[in-house]
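In UniProt numbering, the protein residues as written are 1 to 192.
Since the hints were made in silico from the structure, they are not lab data. Note that this is a predicted model, so its numbers are computed, not measured. A few of these clues could be false.
[As the list claims (entries may be wrong)] In silico lysine-lysine, DSS-like type, Cα no more than 25 angstroms apart, as pairs:
no.	residue 1	residue 2
1	K78	K36
2	K43	K78
3	K36	K110
4	K78	K99
5	K16	K99
6	K4	K61
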Amino acid sequence: MNLKTDYQNLYQHWLKEFEQRELTPLTQERFDYYRKGVDYITKFELESKQNIENQLLNSYKYGFKYLFNDFLKIREVKILNLALILQEIDYNNVIEAEKLFYQNLISTIKGFKKLKTLVLYEEDEPIELDKVLEGEDLSIEPSRVETPTEEVSKSTKGDLGQDTSDNIQSVQVAQYNYTVIRFSKPSPPLVG
1 MNLKTDYQNL YQHWLKEFEQ RELTPLTQER FDYYRKGVDY ITKFELESKQ NIENQLLNSY
61 KYGFKYLFND FLKIREVKIL NLALILQEID YNNVIEAEKL FYQNLISTIK GFKKLKTLVL
121 YEEDEPIELD KVLEGEDLSI EPSRVETPTE EVSKSTKGDL GQDTSDNIQS VQVAQYNYTV
181 IRFSKPSPPL VG
């Protein structure tokens, strides 16, 4: 393993990735080769205990690891940006982990956009998760949510001596209508 040529190859690939807007081709074999180089230099130890040689080796280790991690971060940001604009990528130019990352991002973004359009254009009906996910292969069971009306009615069942109108009034739950207010200019804090 020639560390100088390995570092030069990684640096050239990093430089291409940094300069280009598109993803550069990265095969699984090339990724494994870079990773093995980083692992090798990380585990490498000098037999001599000279301070200058150890400092040089440590700076070389740091530079090699930093370059590799930065290379992967640049690719991650590019994949995120491509997924956000729903642009297709060539699966031959990415490794398997990046491919799965991209596919999960795309499905999440498409699901969010579908849910957003349902919310914006169908305001009359409440949104049900089953309708949104129809056609999906996920099985989601709705959880039972106990409302305050059920709690109050359970606690009042034992009190037979009270008037039923009192029970009905205590069971009613207040419904609030909320309005979202957005300030386009800075305003003083609201007190009250």
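Which constraints among the numbered hints does this structure fail? Numbers only, ascending. When the structure is compared with the hints, numbers 2, 3 turn out to be violated.
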